[in-house]
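Chemist: Residues per chain are reported as follows:
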Amino acid sequence: MPATRAYIGRVQRVLLVLGLLPLLATLLLAVRSVPARPPNLANLVAARMHESGVTHPLTAVLLNFRGYDTMLEIAVLWLAGLGALALAPGPSAPRHRPHPVLAGLLRVLAPALVMTAGYILWAGGFRPGGAFQSGSVLGAGLVLASLGGMISLRPTFSLRLGLALGLAVFVGIAVGSWRATGELLHYPGATDKFSILAIESVAALSIAFILLTLFDRLTAAAESVTKPHANAHAATPHRGEERS
Amino acid sequence: MTAMQLYLITAVALFVLGLYGVLIRPHLLRKMTALNVMSSGLFLLFVAVAYRGSAEPADPVPHAMVLTGIVISVSATAFGLLLIRRVLETTGRAELPMEDAGRND
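Taken in order, these protein sequences are the chains called A and B.
Here the first sequence is numbered in the working numbering, starting from 621 and rising by one per residue.
Here the second sequence is numbered in the working numbering, starting from 1427 and rising by one per residue.
Watch out, some of these pointers could steer you wrong.
[What the hints assert, rightly or not] Which bits of chain B does chain A cover? Going by a derived footprint, with three or more residues having C-beta under 8 Å, they are:
# : stretch
1 : 1429-1438
2 : 1448-1462
3 : 1476-1490
4 : 1493-1503
5 : 1506-1519
[What the hints assert, rightly or not] Partial list, derived from the structure: chain B residues whose beta carbon lies under 10 Å from chain A:
#  : residue
6  : F1441
7  : V1442
8  : L1445
9  : L1471
10 : L1522
11 : P1523
12 : M1524
[Unchecked claim] Non-contacting residues of chain A with respect to chain B, defined by C-beta distances greater than 10 Å in every case (computed):
#  : residue
13 : H670
14 : P714
15 : V721
16 : A723
17 : V728
18 : A743
19 : F746
20 : I771
21 : T776
22 : L781
23 : A794
24 : P808
25 : G809
26 : A810
27 : L817
Calculated from the structure, these hints are not laboratory results.
As the structure is a prediction and not an experimental result, all values here were calculated from the model.
Glycine included, C-beta positions come from ideal geometry on N, C-alpha and C.
This is chain B alone, in the form it adopts within the complex (with noise of 0.2 Å):
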C-alpha cells in the first residue's frame, strides 16, 4: 500500500467516523465538531492526491481546491456556532431533546 492510499483510506475513515458523530450526537456543539472531522478528512483527501513526491511539483488544481475548502468550512463553522448560540439563547440548551418513546412530538 502506497503512502497516498493509506492518507486516501484514513481521509475515508474520517469522513465515515465524522458522519456517524453528527448523526449520533444531540449536543451541538458536538454535531458541529464532528462536521469539522469531516471536513478534515476531506481536505486530507485532496492533499494526498495532490502530492507527488519532492521530485514532482505538488498538483496545484487540488491543492487550491482545499484552500477554498477550508475557507468555506471556516465560514459555515462560524456560522453553526452562531446558530447554536440563538438554540442556546432562545431555548436555554445547546442539545436537542431527548426523546421519549411515547411522546408525539
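For reference, chain A alone in the conformation it holds in the complex (with noise of 0.2 Å):
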C-alpha cells in the first residue's frame, strides 16, 4: 500500500461511516419510540409549585425540584473557571486606553447590563430569568469592559474567591438545609423563597466572575512553556480586579 499521508485513511474512512450508520439507524428507531403525547410533568409541577416558593414552573424545576442538578452544573462551571487559571497563567493584557466608540457605548452600557442583569434576576422567580441567566448579562458586560481594556485581570486570591463563592453558598444552604429537615436541598419551612434568592444572587455574580475568567484566559498572552508561573507576586494581591 503505497505510504499516503493522510490523519484517516481512505479505507478507515468508509469503516467510520459504515460503523456510525448502525448507530444512526439505533437512534432513529429510539425516537420513532418517542409516543406521540408523552407524558407532561407540567401539571405534577404546578400542582406542588406552592412550596417551592417561587411562581415560575421552570426556576421552581431548576432551583427546588432539581435543585442538585443546578448544585452539580455551577460545580462545573466552576471547574471549568479554576481550569483556566490554572492552564493559561500567562499576563492578561494590561488596561490600556479603550478606542472613544468603545468607551462611549460601554458609559452607556454599563449602567444598563447592570440593571438588566438583577432584574432578570429578579423576575426569575415569576417569569423566565434566574441565576444563569442574568450571570451572563453581567459576564458579556465584564468582557465588554475587558476588551476594552478597563479591565485587567489578575488571578488573586479575591477572585478565586469570587469564582468559588457561588458553589460555596450553594453547598452552604445545601448542607444547612439537610442538617435542618434530613435531607438535602429540602429548604426548611418558610425559607424557600430566600434560600432561592441567595443562592441565585451569589451564583450570579460568580458565574459572571467565571465567564469573564473563561474569556480572559483564552485571549491572555502566551506564557513560555519553561518560565515559572509569574502572577503569584502580582504587584496588589488584595484586589482581584481593577475598575476603571
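Using the hints, build the complex out of the two chains.
Modeler: Next up, the structure:
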C-alpha cells in the first residue's frame, strides 16, 4: 500500500461511516418510539409549585425540585474557571485606553447591563430568568469592559474567592437544609424563597466572574513554557480586578 | 410525521453528523465545533420533547435539563479551547499529526 499522508485513510473513513450507520439506525428507531403525546410533568410541577417558593415552573424545577442538578452545574462551571486559571497562567492584557467609540458605548451599556442583570435575577421568580441568565448578561458586560481595556484580570485570591463563592453558598445552603430537614436541598419551612434568592444572587455574580475569567484566559498573552508561573507575586495581592 | 418527530430526526442527524466530524477532523478547533454540533442536536431533542404546542404548558423538566446542558456545554467548550491553546503553545500546531503508513508512533 502506498504511504499516504492522511489523518484517516480512505479505507478507514469508509469503515467509520459504515460503523456509524447502525448507530444512526438505532437512534432513529429510538426516537420513533417516543409517544406522540409524552407524559407532561408540567401538571405535577404546577400542583406542587406553592411549596417551591417561586411562581415560575422552570425556576421551581431548576432551583428547588432539581436543585441538585443546578448545584452540580455550577460546580462544572466553576471547575472550568479554575481550569482556566491553571491552564493559562500568562499575564492578561494590561489596561489600556479604550477606543473612544467603545468607551462611549460602555458608558451607556454598563449601567444598563447591570440593571438588566439585576432585573432578570429578580424576575426569575415569576418569569423566565434566574441566576444563569443574569450571570451571563453581567458576564457579557464584564467581557466588553475587558475588551475595551478597562479591566485587567489578575489571578489573585479575591478573584478565586469570587469564582468559588457561588458554589460555596449553594453547598452551604444544601448542607444547612440537610441538617435542618434531613434531606439534601429540602429548604426548611418557609425559607425556600429566601434560600433560592440567596443562592441565585451569589451564583449570578460568580457566574459573571467565571465567564470573564474564561474569556480573559483564552485571550491572555502566551506564556513561555519554561518560565515559571509569574503571577504569584502580583503587585497588589488584595484586589482581584481593577476597574476604571 | 408530526413536527416533534421531524425535530427528533433532525436532532439525531445532528448528533451523528457531529460525532462523525469529531472523529474525522484532525484540526482540534474543528473537533470542538463538531462537538458543539452534537450538543446542539441533543438540545434540540430535549426541546422537541418539552414543547407541547401553544395550548398546553411546556414540560419544565426537559426544559430545565436543556438549560443545564447549555451551561455545561459552554464550560466544556471553554475548557477545550484552553486545552487547544496549550497544545498550540507547546507543539506549535493545533492539528493532530498526520500519519504515515510506515511510522511506528
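Chemist: Each hint should be assessed against the structure and marked as holding or not.
Modeler: Status of each hint after checking the structure:
1. 1429-1438: Answer holds; 6 residues pass the 8 Å Cβ test.
2. 1448-1462: With 4 residues close enough to chain A, the hint holds.
3. 1476-1490: The restraint on the stretch 1476-1490 of chain B holds, since 9 of its residues have a Cβ under 8 Å from chain A and three suffice.
4. 1493-1503: With 7 residues close enough to chain A, the hint holds.
5. 1506-1519: n = 7 at 8 Å, threshold three: holds.
6. F1441: This interface hint holds because 7 Å falls under the 10 Å limit.
7. V1442: holds (5 Å)
8. L1445: holds (7 Å)
9. L1471: Where the cut-off is 10 Å and the nearest Cβ of chain A is about 8 Å from L1471(B), the hint holds.
10. L1522: holds (6 Å)
11. P1523: holds (8 Å)
12. M1524: holds (5 Å)
13. H670: Label holds. Min Cβ-Cβ 15 Å, cutoff 10 Å.
14. P714: holds (20 Å)
15. V721: holds (28 Å)
16. A723: Its Cβ never comes within 10 Å of chain B, the nearest being 27 Å, so this holds.
17. V728: holds (27 Å)
18. A743: A743(A) clear of chain B: closest Cβ-Cβ about 15 Å, beyond 10 Å.
19. F746: Nearest chain B Cβ is 14 Å from F746(A), so the label holds.
20. I771: holds (18 Å)
21. T776: holds (20 Å)
22. L781: Given that every Cβ of chain B is farther than 10 Å from that of L781(A), nearest at about 19 Å, it holds.
23. A794: holds (16 Å)
24. P808: Per Cβ check, P808(A) is outside 10 Å of chain B; nearest 23 Å; holds.
25. G809: Holds: least Cβ distance 24 Å, greater than 10 Å.
26. A810: At about 23 Å from chain B, A810(A) clears the 10 Å cut-off, so the statement holds.
27. L817: holds (18 Å)
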